[in-house]
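Participant: Throw the hints in and build the complete structure from the sequences for me.
Take 1 as the starting number for the sequence shown in UniProt numbering and just add one per residue.
All the pointers check out, no bait thrown in.
In silico BS3-like links for lysine-lysine, alpha-carbon gap of 27 Å or less:
1. K421 to K456
2. K248 to K366
3. K402 to K248
4. K595 to K667
5. K638 to K658
6. K63 to K116
7. K595 to K737
8. K574 to K605
9. K255 to K366
10. K456 to K551
11. K667 to K737
12. K117 to K390
13. K658 to K574
14. K389 to K253
15. K605 to K685
16. K117 to K63
17. K667 to K686
18. K574 to K667
19. K255 to K390
20. K219 to K116
21. K529 to K546
22. K737 to K638
23. K637 to K595
24. K63 to K219
25. K154 to K248
What follows is a list of derived Cβ distance ranges for each label pair:
26. M431 to Q359: 25 to 35 Å
27. D150 to T207: 38 to 48 Å
28. S423 to R260: 19 to 29 Å
29. A383 to S423: 39 to 49 Å
Note that these hints are calculated values from the structure, not bench results.
The structure presented is a predicted model; accordingly, all values stated were derived computationally and were not measured.
Note that beta-carbon positions come from the ideal geometry of N, C-alpha and C, so glycine has one too.
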Amino acid sequence: MYKLLQKMLLAITLVLLLTGCRKKAFDEYYGRPDSLEPPIYQQLAARGNFKHLLTAIDKAGYKNTLGAAGYWTFFAPHDSAFQVYFAANGINGMDQLDSNACRQIVTYCLVYNAYKKERIGDYQSNTGWMAANAFRRRTANYTGVYNGLDTSGKPLKMIASNRNGVNYYMETDNNYKQIPYFVDNFMTARNLTAADYNYFYPNTPYTGFNVADAVVTEKDIPAENGVIHVVNKVITSLPSVDQYLAGKPEYSKFKKIFDRFLIQYVLNSVATTRYQNVTGSPDQVYTKVYNPLLAFALNNENFLKAQENDAQSNSYSIFVPTNDALDNYLNTVLLEHYTSLESMPISIIYDFINAHLWQNAVWPSKFKTTLNFVNEEARFDPATNVVDKKILSNAFFYGTNKVQEANVFTSVYGKAYLDPKYSMMISLLNMELKFQVSNIYRDYTLFLITDEMFNKAGYFADPSVSKDLIDQWRYTPPAGSTIPAAAGSTARNRLLRILNMHVIPQRILNNLSGEGVAAGYGGEFIAYKNNTIYAPGNVDSNNVVKILDSKTARNGIVYYTDRIMEFSEAAVGKHIEALGTPAGSAYNAFWQYLKNSVLWNNTTKEILGVTGGTFYTLFIPNNAAIQQAVTDGFLPKKADGTPNFAPTLPAEQLQVFKFINYHFLNKRIIAADGVESGAFETILKKNNGDPTTIFVNNTPGNITLSDMESRTAHVISTPGTYLSNRCMIHLTDNYLKFID
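Facilitator: What follows is the structure, given as structure tokens:
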């Protein structure tokens with residue numbers, strides 16, 4: 001028994017010795033190195049000049065966080081910085097700062113992950129580090145549930161959206177605030193200077209390493225749990241745009257537009273459950289949700305989240321007009337034809353607000369090159385139009401003494417957009433032409449069409465026609481008309497053809513007292529004379545459109561008229577018949593050859609080879625020129641040398657066929673407007689199948705033609721007398737020869 005006890009004691013002793021040796025080896029290998037710097041909290045305590053900050057850390061409940069293992073960047077204000085903070089805020093010391101105030105200081109200066117100065121300017125993209133591409137970092141500060149009032153003034157427990165768009169809330173995201181900083185490598189890479197920094201912080205020198213309005217006085221202090229950068233100012237949590245506007249009565253009317261039209265309060269079941277479990281309160285929590293059609297939610301602390309850390313490299317921007325500036329614009333522009341914002345289409349409000357929102361950081365030196373949500377530059381003078389400038393937690397904020405004058409309001413488009421009498425025209429423009437005619441850098445003339453004018457012409461908006469918004473149209477022809485009624489896409493296509501004739505691109509027609517033509521957006525021509533305008537359909541019905549008034553816009557002029565311009569339903573041949581039938585008409589000889597040729601269909605008035613819906617230009621030689629073609633043997637003649645309008649010989653019929661075809665330009669309308677010159681194909685083909693051509697020298701009011709034998713002919717008709725169905729008919733003083 002004694003020997004057994006001896007053996008057991010010996011074994012226990014050996015185990016203890018082995019365990020002690022192993023623990024010593026473990027500690028030597030895995031234990032805290034003696035050379036490792038103390039944690040952030042202990043370092044600050046050892047330095048002796050962070051007493052106020054340490055008190056703030058204690059009150060905020062972050063002693064354990066900053067005194068133990070971790071991976072942080074801490075922007076630490078020294079005691080002198082706190083003395084300045086106390087004086088600026090009228091307090092005597094830390095005793096007057098409660099735990100919440102201390103938390104706003106400590107958590108906002110505490111950044112996730114450790115960054116030395118050499119690395120903090122780099123962006124952590126999904127694909128790796130991007131050098132010199134960051135100026136913000138996510139902090140440990142967030143708002144959480146707060147007390148607020150809904151649009152009716154009812155108290156609610158609220159939480160902010162943390163995403164833009166329809167998926168406005170992610171329950172795993174605390175909506176952490178970002179802190180801005182400005183390091184030299186980033187500023188250089190973005191072509192920014194000290195002037196950009198000092199625009200926001202005029203009382204702080206730019207040093208190449210600034211955090212908000214503070215200067216980093218000592219950088220890259222290593223700690224066991226991160227990196228310390230000492231700053232010379234106390235940086236408190238910056239507000240979001242949503243929070244900033246709530247405390248700024250000078251922008252209350254701009255904020256009121258959001259409250260009235262663009263914000264909802266939606267019950268958040270997840271946040272409610274969490275809040276009730278933590279607090280024991282029965283209150284429900286509502287998410288403050290901004291309209292998903294806005295560029296961004298003003299309370300969203302994240303950026304676009306196209307990448308996880310994209311808030312490091314970019315920020316939102318907002319330009320907010322003061323109450324006086326907003327009132328002036330509302331009364332003189334937006335409400336010129338409306339009694340209130342409530343009475344106008346909501347799209348106008350979307351466009352107005354989005355013109356003031358940027359999904360980019362708009363630096364002071366980059367106003368002219370940074371585009372907003374509607375792709376327009378910031379139209380403000382940084383020196384004279386900005387009355388308030390702040391870098392907030394989620395955006396650059398500019399308070400302004402004017403509004404952003406958006407293209408949709410200042411262009412020719414705006415003259416119709418902001419007037420309810422033109423709702424049908426705006427709906428049609430929005431299908432294809434909104435961004436073209438609202439571009440203030442492109443010239444346009446618009447002839448406005450009221451809803452009443454459309455209705456009188458038989459066109460109506462009718463939601464019962466189709467579930468598809470773009471096809472909710474109906475056309476009712478006048479009594480006795482042979483034109484069939486239409487609805488849906490057929491009616492829409494008719495309306496778009498009419499609309500296009502009322503939109504004149506690349507020209508500002510300031511004076512309609514003379515005579516001329518202009519090409520509409522769809523390529524069809526309209527004509528003007530003595531302050532009246534007309535299109536081919538008006539020629540058919542023998543009426544003209546009277547000009548009632550006009551207004552100028554940033555990119556052109558709009559005219560107010562008494563009726564619409566209409567396209568022609570007739571075939572081109574019918575117009576030639578009308579021109580040529582009178583015995584004394586200068587077009588008569590050409591018409592006689594045409595109506596007796598194999599090209600002519602007397603029932604439909606169609607011309608063989610001239611296809612409906614295709615553009616053409618027809619040059620008709622006058623009677624004298626036709627006689628010359630007869631004399632020259634280019635057209636059939638009788639024995640006495642006069643024209644043989646009804647030849648029976650195949651060879652002579654072929655002469656007429658080729659002659660007429662050569663005088664039609666194929667797929668092209670040429671008017672005497674000086675726009676198009678050059679060699680253009682006709683509908684006549686050579687014997688080998690190649691096209692024949694006519695060279696057109698086009699100057700305003702004067703067209704000279706050169707045929708394939710270099711002979712010339714001149715257009716002698718007035719510029720816009722003979723408009724046809726997608727065709728322009730010109731009278732010439734000579735005929736044109738082709739070469740087979």
